[in-house]
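Trainee: So the chains spell out like this:
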Amino acid sequence: MTGGVEGLMMVHVLFGMLCIVAAVWVFVDVLNVSEANLARIRLMSMAVAVFMWLAYLIGGYWYVTYYAADKAVILKGAWPWAHNFFMEMKEHVVLLLVLLTTYLPIAAAGNLAANKSARTLVLWVVGLIALIGVAMDGSGAIIGVGAKIGLMPH
Amino acid sequence: MANTDSLGKYTVSYALSLAVVSVLNALLVIVKESSEDTVLAWMKRLTGHHWITHGIFVVVAFVALGWLFSRANGGRGMQISASRLLSLLVGAVVVGGAVIAGFYLIEG
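Protein sequences appear in the order of chains A and B. Residue numbering for the first sequence follows the working numbering, starting at 1 and increasing by one per position. Residue numbering for the second sequence follows the working numbering, starting at 155 and increasing by one per position.
It is possible that some hints are incorrect.
Quick look at which bits of chain A chain B covers, simulated, 3 or more residues with Cβ under 8 Å [said to hold, decoys possible]:
#1 77-90
#2 93-99
#3 106-114
#4 117-131
The hints are simulated quantities; they were obtained by calculation from the structure and are not laboratory data. Quick caveat: nothing in here was measured; it's all calculated off a predicted structure. Virtual Cβ for every residue (Gly too), placed ideally from N, Cα, C.
Construct the entire structure; sequences and hints are all you get.
Mentor: Structure representation (structure tokens):
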């Protein structure tokens, strides 16, 4: 594996983390919503979607192009479940995250300061984004360790 | 029919679409993994990788269903109360995620 490919994986993780941080930002901003921060909430909601799409496309490119070699290493190692459960689960649950983050700017387009229902909806959506995002991040870490353990001499 | 005035047409339509596609995503996982020679092989042939096909299906379904729901009721969109919409959305995402995790916990 080349340094450039490793760098690509780090950029994938970076955008994933930025997505989570931006989602928590939106959560806190919505809890303190007023006419003054509505524009920032909409901007940060859009940022959540952009960060997630970048993480998804970069990670997806890496997964489709390079993951087969890592998968073989993981399956021969002591943690085959790092692929059999965590990678398989991650590659499909992440699509829920893509949908939720794409939906967030739509849900945040209304007047959250005046509309309690819209506010509650956005809080649940960003809450789910943050929780699923952390789960995806943790799964990615387990998959990485699974590959590392697979390379260790038995 | 419940009052939907508090949420915008597209907020409701795409939330419903998200709920439906969250469940469809999980069902597609089970169907393709249980039919490797047919469904999974067809998904691989379509784009070169089953996961690319899966992702395109999910995103296109989300956009298309959201648009269709927004055209319902003479263009006024789907009618559902905010609390029911929230329950459907959160429930579908949680169930969709749990079904996928449960499936790979058993099959993996």
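Trainee: Against this structure, judge whether each hint is valid.
Mentor: Going down the list of hints, with the structure as the test:
1. Coverage of a stretch by a chain is defined here by at least three residues with a beta carbon nearer than 8 Å to that chain's beta carbons; for the stretch 77-90 of chain A and chain B the count is 5, and the condition holds.
2. Residues of the stretch 93-99 of chain A with a Cβ under 8 Å from some Cβ of chain B number 5, which satisfies the need for three, so the listed coverage holds.
3. Check result for the stretch 106-114 of chain A against chain B: holds, 4 residues qualifying (beta carbon to beta carbon below 8 Å, three or more required).
4. Using a Cβ-Cβ cut-off of 8 Å, 7 residues of the stretch 117-131 of chain A lie near chain B, which meets the minimum of three, so the contact claim holds.
In this structure, every one of the numbered hints holds.
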